[in-house]
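All chains should be built: construct the whole structure from the sequences, respecting the hints.
Chain order of the listed sequences is B and X. Throughout, my numbering is defined as the position within the first sequence, counted from one, plus 75. Throughout, my numbering is defined as the position within the second sequence, counted from one, plus 75.
What the hints contain is simulated information worked out from the structure, not anything from laboratory work. Heads up, some of the hints might be wrong.
For chains that are exact copies, the list does not tell them apart, and a pair is met inside one copy or across any two.
[Said to hold, decoys possible] Lysine-lysine pairs mimicking DSSO-like chemistry, simulated, CA-CA at most 27 Å apart:
id : residue 1 : residue 2
1  : 297       : 394
2  : 405       : 358
3  : 152       : 501
4  : 410       : 297
5  : 297       : 406
6  : 358       : 253
Protein chains: 2
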Amino acid sequence: MPAYKAPLRDVRFLMNELLDYPAHFKKLANGELADADTVDMILEGVADICENVLSPLYQTGDDEGCHFDNGTVTTPKGYKEAYTQFIQGGWQGLSYPEQYGGQNLPMSLNLIKSEMMATANWSFTMYPGLSMGCMNTILRYGTEEQKNTYMPPLVDGSWAGTMCLTEPQCGTDLGQVKTRVEPNGDGSFKMFGTKIFISSGEHDLTDNIIHIVLARLPDAPKGTRGITLFIVPKFLVNADGTLGARNGVTCGSLEHKMGIKASATAVLNFDGATAYQIGPDHKGLECMFTFMNTARIGTAVQGVAHAELSFQGALPYAKDRISMRALSGKKNPDKVADAIIHHADVRRMLLTQKAVAEGGRAMIYHAAMLADKMTDGIVAGDEKTAEYWDDKLGFYTPILKGFLTEMGQECASLGVQVYGGHGYIKEWGMEQILRDSRISTLYEGTTGIQALDLLGRKVLLGSKGKIVRDYTTEIVKFCGRQARNKQMRRFIWDLTKVCAEWNTLTLRLMLMARKDRDIVSSAAVDYLMYSGYAMMAYTWAQMAAVAYDKLEKGGAEDAAFYTAKIQTAEFYFDRLLPRAGAHAEAMVTPSSVLTQMEIDSFALN
Amino acid sequence: MPAYKAPLRDVRFLMNELLDYPAHFKKLANGELADADTVDMILEGVADICENVLSPLYQTGDDEGCHFDNGTVTTPKGYKEAYTQFIQGGWQGLSYPEQYGGQNLPMSLNLIKSEMMATANWSFTMYPGLSMGCMNTILRYGTEEQKNTYMPPLVDGSWAGTMCLTEPQCGTDLGQVKTRVEPNGDGSFKMFGTKIFISSGEHDLTDNIIHIVLARLPDAPKGTRGITLFIVPKFLVNADGTLGARNGVTCGSLEHKMGIKASATAVLNFDGATAYQIGPDHKGLECMFTFMNTARIGTAVQGVAHAELSFQGALPYAKDRISMRALSGKKNPDKVADAIIHHADVRRMLLTQKAVAEGGRAMIYHAAMLADKMTDGIVAGDEKTAEYWDDKLGFYTPILKGFLTEMGQECASLGVQVYGGHGYIKEWGMEQILRDSRISTLYEGTTGIQALDLLGRKVLLGSKGKIVRDYTTEIVKFCGRQARNKQMRRFIWDLTKVCAEWNTLTLRLMLMARKDRDIVSSAAVDYLMYSGYAMMAYTWAQMAAVAYDKLEKGGAEDAAFYTAKIQTAEFYFDRLLPRAGAHAEAMVTPSSVLTQMEIDSFALN
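Below, the structure is given as structure tokens:
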């Protein structure tokens with residue numbers, strides 16, 4: 076079973092050498108709290124709980140799963156104790172306001188914390204993760220009373236929260252939501268309906284669970300413009316904050332899933348449950364969209380997490396397992412065969428994992444800085460600034476969520492492959508990572524939905540390609556700055572080509588879309604993947620530039636680390652970036668090649 | 076749960092329209108047995124048992140799994156009854172000699188039968204499948220007495236067989252095998268050792284199990300040249316053919332696997348088990364290699380099977396599930412949303428599955444004809460002919476096994492993706508197909524091993540590229556024949572480019588290999604995938620040519636079928652073939668980009 080080791084050297088490389096987090100923090104209103112000592116303490120503390128508390132429960136949680144008994148859900152052995160330890164450390168409130176008991180640190184630190192926790196134990200991490208969606212909603216749209224009632228126990232983690240969107244007939248298409256409320260006359264409502272796929276919908280980790288639910292007011296218009304947000308607590312809350320009666324929301328069953336078995340995925344039945352409106356009438360979906368970017372980056376983390384964990388599992392096996400001789404001659408002459416890490420093809424798999432894990436982590440850490448700036452705007456009540464950074468983030472979000480989760484699955488599968496037949500056996504733990512990863516391209520918007528959001532909404536409709544021109548302009552500037560650095564030449568050359576091609580593809584699709592109305596759906600996933608490969612290429616080139624610089628400035632201490640960064644960048648450009656070309660070619664095919672087939676002709680017998 | 080429907084229209088298209096099986100059968104010694112009526116009866120009979128007996132047990136078998144109790148293994152509910160029905164139909168002996176109770180039909184029919192069974196229920200199909208490996212070994216290398224003792228009950232299916240190769244310390248590298256024998260003095264041996272990952276190693280379907288085991292004679296040289304084959308029956312067999320004492324081979328445990336849970340994967344302990352040598356001293360591995368091609372094609376079938384079953388599961392859901400509106404306008408105006416099959420991106424996924432399932436099936440049916448010719452040579456005692464066709468087949472084998480199983484996994488994953496979140500839930504059955512498919516690139520030689528076999532052994536060392544030149548010459552001839560067919564032009568143009576590029580890549584790697592000894596391992600998987608995309612392109616072009624021809628000759632009856640074939644070919648060339656270019660670019664990178672990193676630098680903290 077892969078035991079998680081927090082990659083703190085890489086974390087510090089990203090924060091201090093690539094992205095200059097210290098300077099970034101200084102520009103934030105709450106940045107002075109994130110001084111070097113505090114950040115160090117947080118990193119070490121998170122690493123400790125991840126390595127020693129969460130990681131040991133990863134495989135046992137999968138074996139045991141969650142238990143459902145007549146509406147009651149019990150998490151696997153050790154989860155409650157681990158959760159208690161987690162909240163006693165104050166980890167849940169890291170980036171939430173001091174007035175509700177939090178530590179008010181920048182959101183980015185929360186994301187960095189989440190990435191480590193996610194890698195150590197994704198299923199566990201979903202419980203506090205869902206609570207954050209709930210807290211963000213209440214913070215942004217709640218009344219003072221709602222904030223004062225719900226935030227303190229959510230921030231200290233004694234309560235948890237959920238987001239209840241999906242229903243049996245709809246997930247993506249939330250305009251079809253049927254759950255509805257009736258007024259009680261006292262300002263509260265009675266809710267009726269069924270929600271499915273509710274992560275952390277019921278469990279035994281906390282005293283109360285606060286559901287944020289999408290539902291329809293009695294006079295609601297049809298479709299997406301008739302959905303409102305409601306707070307539905309599992310236990311009603313008395314005026315003094317103590318718990319009152321059990322509310323009419325019950326867990327009908329837990330789903331039996333391919334993976335993330337320690338995460339309770341609930342069917343929730345609302346049978347006249349008391350519900351409190353939060354936010355304006357009929358604007359529930361718009362309110363939800365405010366968090367879309369941050370929520371999706373939270374899921375993008377899963378791609379990095381599974382690539383990293385699978386890499387951490389595969390590497391020791393590749394060093395240990397001996398089989399055949401390397402083609403270039405014996406490497407372990409004292410043994411009957413060479414360790415499989417000496418086979419170039421095994422290294423191809425390991426380096427793919429490493430390139431995705433480290434490249435993806437850098438992409439997320441970069442996006443986290445934008446999220447900080449956006450949050451800074453919100454907290455200052457500066458909606459314009461908040462919107463500016465949210466828009467910026469909006470370009471990265473679908474790429475990170477769509478591309479990194481697809482790549483995370485590939486990497487988890489490669490981890491199985493490195494183990495050969497042993498990868499298929501539960502005991503080794505590699506197949507669990509693959510099963511757990513498979514959800515990541517499905518929830519929080521499938522890859523297809525991310526791709527539509529990117530190409531349709533953000534690139535073509537939203538900016539007529541400007542968003543890509545702006546981003547590639549930034550890359551070209553970087554290339555200009557590196558032009559005299561001979562060592563960087565091969566990266567710069569490839570990046571320049573990618574920038575030109577990316578804009579050409581965008582323009583071409585924009586022109587095609589005038590006549591070919593299905594082209595956006597037809598091209599979207601290839602466009603998303605292309606964008607992901609391009610963005611990761613820029614990221615790796617930046618990391619290589621820093622590494623060359625550090626190597627030049629000497630200090631043999633970390634030379635191996637910087638050299639590995641450069642070598643991984645070379646691997647990425649030589650072996651992974653070429654795939655962008657295949658996506659480029661595929662996406663500009665007219666959509667008719669997909670739409671022309673009669674539905675009845677898909678299968679004829 | 077996806078209910079299997081045998082794609083008989085496609086089967087007949089391949090046998091009668093694309094490949095001309097009737098003419099092929101006429102050239103075989105046993106071909107006259109395979110007349111049109113017999114073939115029809117077989118296809119209908121296999122379809123019937125697959126649809127009505129095997130398919131209903133697919134999901135229940137996964138849920139229940141195999142039971143292990145103190146050395147005894149019980150297969151899931153219904154498996155024994157299904158197996159009994161299967162053998163009572165005489166299906167196990169379809170292509171085995173009449174003198175042992177078989178029907179002596181061409182091997183290709185057996186493979187065609189296997190593909191349908193594999194799609195309906197892969198785990199079930201492994202039990203009779205493993206027996207075939209055992210039967211082939213005994214038929215080829217057994218003494219008359221061994222054949223007379225073991226073949227009749229294996230052919231009628233009352234006994235089953237296994238192949239015992241893998242040990243804890245080695246799977247690929249069988250030179251490390253430690254299992255050994257000691258002579259009993261009466262010609263038989265005592266065997267000591269442990270074998271793992273033995274499919275069908277223990278179960279309750281048959282009265283006896285005949286293990287074919289790789290082990291070392293007392294005087295055996297080290298490594299691969301010291302391995303001999305042995306027969307180890309679960310129950311010893313008396314002179315009159317009745318069962319005698321329980322032999323000293325016991326099942327120590329069953330593996331807990333990601334999928335194929337209804338297939339019993341056993342740890343077998345040989346504690347002085349009575350063993351009978353089969354075949355010459357120390358030539359066990361060479362003997363095994365005789366079957367490598369057919370065994371690997373048997374596993375390639377799994378790729379097609381999972382692509383097909385996942386497609387059959389995804390298609391009705393895509394027609395049924397409504398979500399959002401198609402970009403080109405409402406398709407189901409009477410409903411609140413359009414069926415998701417109207418979204419181009421969903422069609423991209425379905426067409427990928429369809430292209431791989433039908434293209435892969437055609438590739439396997441073609442290879443099956445080569446296997447027939449090889450078998451014809453063996454049966455006639457014409458080793459030269461047998462070797463000629465085995466060599467021919469040897470080019471297809473690693474491509475089919477490696478490429479089709481990789482593609483099968485992608486298609487199984489796409490089947491989950493079409494279902495969105497529901498794909499992740501066990502109840503729908505789509506995630507099972509993905510879990511079951513994951514083994515296919517691991518056993519019977521990983522993709523990496525197939526790739527080394529193709530590029531290293533067959534293409535570079537074995538033929539200095541001639542094998543590719545010969546194959547592409549065949550394609551170029553096809554292109555020449557189609558040159559005047561305007562409709563075929565776009566396929567022909569792409570195919571011609573691929574042929575040129577394939578040879579160029581081969582030559583380039585051959586030249587690189589002179590100095591870069593690791594290049595074969597470094598390039599192999601990309602070369603394999605390139606070859607797969609190229610071969611499938613040729614296959615789809617051939618199918619399109621037949622379809623155009625049939626359409627021209629009229630007969631509106633099947634027009635929809637032929638049109639769909641052409642449209643799928645177009646999809647393949649536009650959307651999947653471009654990937655070959657990415658593999659081409661990646662493979663010619665010097666191996667140093669993989670080998671340069673110090674082992675300790677893969678992870679630094």
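We went through each hint and held it up to the structure:
In the homo-oligomer, the alpha carbons of residue 297 and residue 394 lie at most 27 Å apart only across protomers (24 Å), although the nearest pairing inside one protomer, at 60 Å, exceeds that limit. Taking identical chains as interchangeable, the C-alpha atoms of residue 405 and residue 358 lie at most 27 Å apart only when they sit on different chains, with a minimum of 25 Å there against 67 Å within one chain. For the homomeric pair residue 152 and residue 501, the shortest alpha-carbon distances inside one copy (19 Å) and between copies (23 Å) are both at most 27 Å. For the homomeric pair residue 410 and residue 297, the shortest alpha-carbon distance between copies (13 Å) is at most 27 Å, but the shortest distance inside one copy (71 Å) is not.
Taking CA atoms no more than 27 Å apart as the test, residue 297 paired with residue 406 passes between copies only; the shortest distance there is 19 Å, against 69 Å inside one copy. When the C-alpha separation of residue 358 and residue 253 is checked against a cutoff of 27 Å, the pair qualifies only within one copy, where the shortest distance is 15 Å, while the shortest distance between copies is 70 Å.
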